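Given the sequences, and given the hints that come with them, work out the whole structure.
Numbering (numbering that gives the first Met the number 0), first residue to last: 0 to 403.
Don't read these hints as lab results, they were simulated from the structure.
Errors might be hidden in some of the hints.
EDC-like, lysine to aspartate or glutamate: derived pairs with alpha carbons at most 16 Å apart [claimed, not checked]:
#	residue 1	residue 2
1	Lys215	Asp249
2	Lys330	Asp303
3	Lys50	Asp71
4	Lys33	Asp62
5	Lys344	Asp325
6	Lys168	Glu185
7	Lys156	Glu183
8	Lys50	Asp22
9	Lys330	Glu183
10	Lys251	Glu278
11	Lys36	Asp62
12	Lys228	Asp303
13	Lys186	Asp152
14	Lys155	Glu183
15	Lys36	Asp392
16	Lys33	Asp56
17	Lys171	Asp22
18	Lys243	Glu348
19	Lys344	Asp303
20	Lys261	Glu278
21	Lys215	Glu290
22	Lys215	Asp361
23	Lys155	Glu185
24	Lys36	Asp249
25	Lys20	Asp62
26	Lys243	Asp204
27	Lys20	Glu59
Distance ranges between label pairs, derived from CB positions [what the hints assert, rightly or not]:
#	residue 1	residue 2	range
28	Asn21	Tyr271	33 to 43 Å
29	Ser381	Ser93	31 to 41 Å
30	Asn336	Asp71	12 to 22 Å
Being a predicted model, the structure only gives us computed values, none of them experimental.
All residues carry an ideal CB built from backbone N, CA and C; glycine is no exception.
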Amino acid sequence: MINKNEARRVIIATSTFPRHKNDVVPRFILDYAKAIKNIGIIPLVVAPHCKGLSLYDNIEGIDVYRFRYAPDFLEKLSYGAGIISNIKRNPFISLTIPFFIISQALKIRALVKKTKPSIVHAHWVLPQAISTSIATIGLNVDNILTMHGSDLDLVKKGIFRQIRRWLLKPFKYVTVVSSPMQTELEKLACVLPSRILVAPMGIPDIFFSQHSAPIKRNNNILCVGRLVKQKNPIHVLIAFHQAKAQLPADTKLIFLGEGPEKTILQRYIDKYSLANFVELRGYRSHSQLAELYRTSKVIAHAADNEGLGLAILEAMASGLAPIVPDFPASKDYISNNVNGFVYPKGNIEELSMLLIKVLSCDNTLHELSENARTTANLYSWSSCARKYASIYDASSSKDRLNEY
0 MINKNEARRV IIATSTFPRH KNDVVPRFIL DYAKAIKNIG IIPLVVAPHC
50 KGLSLYDNIE GIDVYRFRYA PDFLEKLSYG AGIISNIKRN PFISLTIPFF
100 IISQALKIRA LVKKTKPSIV HAHWVLPQAI STSIATIGLN VDNILTMHGS
150 DLDLVKKGIF RQIRRWLLKP FKYVTVVSSP MQTELEKLAC VLPSRILVAP
200 MGIPDIFFSQ HSAPIKRNNN ILCVGRLVKQ KNPIHVLIAF HQAKAQLPAD
250 TKLIFLGEGP EKTILQRYID KYSLANFVEL RGYRSHSQLA ELYRTSKVIA
300 HAADNEGLGL AILEAMASGL APIVPDFPAS KDYISNNVNG FVYPKGNIEE
350 LSMLLIKVLS CDNTLHELSE NARTTANLYS WSSCARKYAS IYDASSSKDR
400 LNEY
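Below, the structure written as structure tokens:
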């Protein structure tokens, strides 16, 4: 790993990060920081401020440096349903984007000068690729960018299509979380293929530890993730409604997430009197998610696309059978009828039939569950952290990248 005689600090620039220990916003950047800390790398996180937070914090052993970009009542760009969804709900807050980028760049630059890290690791193209590029001009530090999925779509559109080569040039490596993303980015010809690496995020240990003893699972179908149009949560609800008469009588569909589609889901539930069978529970903490995974049977997904689909992998680690659409990244970890089921995107009838198939046959469910766990083991945080450490080594020393 990184030479003990060299600087071992890495600044992580992000727009999504837990505001406190029990926050229910996606926490995989925190889990990533903890994973690399466990192998001797010191992470320093730069994240946005919002009302009620201090400018410095330590969350689960990770140092967090927050930057103000507007008065408290205007700091609404991050958190909640995410930047894109927040802007769609309130376009006015897009006016704070330039201040966000400049403020984050100033915080990163000050921290680089103070702590002398070997790497600045930006997550997501917007805004972190821009703020990191500005922050490190003239400084002796290497930049790495991780693209998580939605930002790959971003660089194909509008102004980003014109400036993507310039935007990604300052980064020594651009990592993506699945092999289809690597292929897509190579086709865009804005980064040298040798600088594009596949390095997924990992699965927290808490999800692996839930199946050490026999457990009784309920006939629960989970749909986990932001309730936004691109993830098509209404497709899962309609499929469940169509299948309901042929499912065990106690089957429940539970949505875990927040977003603008929640209103549409609630209207459908009310219209068809499904309140006793469908629950909209909002976001849940890792420990709450782990308990739900431990006592449920199926995770159903309907997104048009995913960079990886980390929530699916987390559920697989806990032994849930996944039923997912055929977005490209699913091929990285799901073999149809082996460790899950894959159906054509948008095909609600097929999704409905697969729900019936899985929940009506215990043998099928058991086989899928065991194979899903085996696959998920490949995505443990310890494995992912070692992969990123090798990328950091290669960036700092120009050595050939180790294989993991």
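Hint check results:
1. Simply put, Lys215 and Asp249 have alpha-carbon atoms about 14 Å apart, close enough for the 16 Å limit, and the pair holds.
2. For the hint linking Lys330 to Asp303, the alpha-carbon distance of about 14 Å falls within 16 Å, and the restraint holds.
3. Under the criterion of a C-alpha separation no larger than 16 Å, the hint pairing Lys50 with Asp71 is consistent with the structure, at around 5 Å.
4. The suggested pairing of Lys33 with Asp62 holds, with an alpha-carbon distance near 10 Å, which does not exceed 16 Å.
5. Among the hinted pairs, Lys344 with Asp325 is consistent with the structure: their alpha-carbon atoms are about 6 Å apart, no more than 16 Å.
6. With a C-alpha separation of about 14 Å, the suggested pairing of Lys168 with Glu185 holds against the 16 Å cut-off.
7. Among the hinted pairs, Lys156 with Glu183 is consistent with the structure: their alpha-carbon atoms are about 14 Å apart, no more than 16 Å.
8. A threshold of 16 Å between alpha carbons decides the hint, and for Lys50 with Asp22 the separation of about 14 Å falls inside it, so the pair holds.
9. Taken as a hint, the Lys330 and Glu183 pair is honoured in the structure, with Cα atoms around 15 Å apart against an allowance of 16 Å.
10. Note on Lys251 and Glu278: the hinted pairing holds, with a Cα-Cα distance of about 8 Å set against a maximum of 16 Å.
11. As the CA atoms of Lys36 and Asp62 are separated by approximately 11 Å, the hinted pair is consistent with the 16 Å bound.
12. Of the supplied pair hints, the one linking Lys228 and Asp303 holds, its CA atoms being roughly 9 Å apart against a limit of 16 Å.
13. Proximity of Lys186 to Asp152 is assessed by CA-CA distance (about 13 Å); at most 16 Å being required, the pair is judged to hold.
14. For the hint linking Lys155 to Glu183, the alpha-carbon distance of about 10 Å falls within 16 Å, and the restraint holds.
15. Proximity of Lys36 to Asp392 is assessed by CA-CA distance (about 15 Å); at most 16 Å being required, the pair is judged to hold.
16. Among the hinted pairs, Lys33 with Asp56 is consistent with the structure: their alpha-carbon atoms are about 15 Å apart, no more than 16 Å.
17. The hinted pair formed by Lys171 and Asp22 fails the criterion: a straight-line CA distance of about 33 Å is larger than 16 Å.
18. Of the supplied pair hints, the one linking Lys243 and Glu348 holds, its CA atoms being roughly 12 Å apart against a limit of 16 Å.
19. Taken as a hint, the Lys344 and Asp303 pair is honoured in the structure, with Cα atoms around 7 Å apart against an allowance of 16 Å.
20. This hinted pair checks out: Lys261 and Glu278 have alpha carbons roughly 11 Å apart, not beyond 16 Å.
21. A distance of roughly 12 Å separates the Cα atoms of Lys215 and Glu290; the hinted pair therefore holds under the 16 Å criterion.
22. In summary, the hint linking Lys215 to Asp361 is supported, as the alpha carbons are separated by about 12 Å, within the 16 Å threshold.
23. For the hint pairing Lys155 with Glu185, the CA-to-CA distance comes to about 12 Å; that is within 16 Å, so the pair holds.
24. Taken as a hint, the Lys36 and Asp249 pair is broken in the structure, with Cα atoms around 44 Å apart against an allowance of 16 Å.
25. As the CA atoms of Lys20 and Asp62 are separated by approximately 13 Å, the hinted pair is consistent with the 16 Å bound.
26. In summary, the hint linking Lys243 to Asp204 is not supported, as the alpha carbons are separated by about 34 Å, beyond the 16 Å threshold.
27. For the hint linking Lys20 to Glu59, the alpha-carbon distance of about 7 Å falls within 16 Å, and the restraint holds.
28. Under the hint 33 to 43 Å, the C-beta atoms of Asn21 and Tyr271, about 35 Å apart, fit the expected range.
29. The hinted range of 31 to 41 Å is satisfied by Ser381 and Ser93, whose Cβ atoms lie roughly 39 Å apart.
30. Taking the beta carbon of each, Asn336 and Asp71 are about 52 Å apart, not inside 12 to 22 Å as hinted.
The structure fails to meet hints 17, 24, 26 and 30 from the earlier list, while all remaining hints are met.
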